Amino acid sequence: MHELSIALGIVEAVAEELDHRGGGRVRAVHLRLGALSGVAKEALKSAYPLACEGSPLEGSSLVVLDVAESRDLLVTAMELDE
Amino acid sequence: MTLKTRLVEVRANALKQNDLAARALRRRFEEAGTFVVSLVSSPGAGKTTLLEATLRRLRERRRVAALVGDLATDNDARRLSRAEVPVRQISTGTMCHLEAAMVERALDDLAPGPLDFLFIENVGNLVCPASFDLGEALRAVLFSVTEGDDKPLKYPTIFNSSDVAVLTKLDLLGAGDFDLAQARANIEAVRPGMEVLELSTRSGAGWERWIDFLESKRNQAEEGTR
Chain A
56 MHELSIALGI
66 VEAVAEELDH
76 RGGGRVRAVH
86 LRLGALSGVA
96 KEALKSAYPL
106 ACEGSPLEGS
116 SLVVLDVAES
126 RDLLVTAMEL
136 DE
Chain B
232 MTLKTRLVEV
242 RANALKQNDL
252 AARALRRRFE
262 EAGTFVVSLV
272 SSPGAGKTTL
282 LEATLRRLRE
292 RRRVAALVGD
302 LATDNDARRL
312 SRAEVPVRQI
322 STGTMCHLEA
332 AMVERALDDL
342 APGPLDFLFI
352 ENVGNLVCPA
362 SFDLGEALRA
372 VLFSVTEGDD
382 KPLKYPTIFN
392 SSDVAVLTKL
402 DLLGAGDFDL
412 AQARANIEAV
422 RPGMEVLELS
432 TRSGAGWERW
442 IDFLESKRNQ
452 AEEGTR
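Protein chains in written order, with the numbering used here: chain A, 56 to 137; chain B, 232 to 457.
Hint data in this document are derived by calculation from the structure and do not stem from the laboratory.
Check before you lean on any hint, since a few could be wrong.
[As the list claims (entries may be wrong)] Straight-line distance between alpha carbons at most 25 Å, and here's what the computed PhoX-like set of lysine-lysine pairs gives:
#1 Lys-100(A) to Lys-385(B)
#2 Lys-385(B) to Lys-96(A)
#3 Lys-100(A) to Lys-448(B)
#4 Lys-247(B) to Lys-96(A)
Since we're looking at a predicted model, the values are computed, not measured.
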């Protein structure tokens, strides 16, 4: 249930990064998701589009890389149209 | 001109905003000499009962206050205010956990003045609160003997993110099938070396140890920042 908060955190972090780079259109965001993070992948993926609404990330997809034995919730890359 | 899609490396924590807010809170608490304890558990494990009795015990010699999170109602705040210390309810609406920014707002509203201890009672939930740092110095996970003794195995993340486990309602041991030795073993399995306190607020068993534990942790923290 807290996955919406996490998704909003991802959007905020990426939007900030995008701002530093002077903008662009985000196609996809890559996330390292640790199995011990307490975050459910499916719930996060369904919350993601909602969190993106009205942000520069609207329409982007979330690519999740599962990592065992880790608490990571780390954005590692974004796919940008330039 | 055609658009090209490029992969750009980023390194950003999804919880960055909360972590930043929590870090600021932690610094503020350290500077003020306030030892902050958060309580997490499933609904009904006895957080509010433990907290009310703790506030009553500590207020004689310590400046204490509490923030308490629930989805709805201010029942807990009204109950805790019987302990005659500053208390503020945080109503989260539909949110299943507290975040650092909510703690900051509630604390600013409450404006309790200088404190020795601040207690934060999280929303009753063994899943979501695990991910959100609230700037606390100590996180206690409560676990009652009326629950299954395999709770630690089912919810390892909350046990892993907590500093101490408190087994509550010890007076009810034997009322169900709860196996105390098994519960201790299960905690040890998910968090080796975790300190476990066992108490009953109704009978008073284990209470001296709980209060001593809080005081000694506070002293340690104070020595650490000196």
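Verification of the supplied hints:
no.: 1; hint: Lys-100(A) to Lys-385(B); verdict: 23 Å, holds
no.: 2; hint: Lys-385(B) to Lys-96(A); verdict: 18 Å, holds
no.: 3; hint: Lys-100(A) to Lys-448(B); verdict: 40 Å, violated
no.: 4; hint: Lys-247(B) to Lys-96(A); verdict: 19 Å, holds
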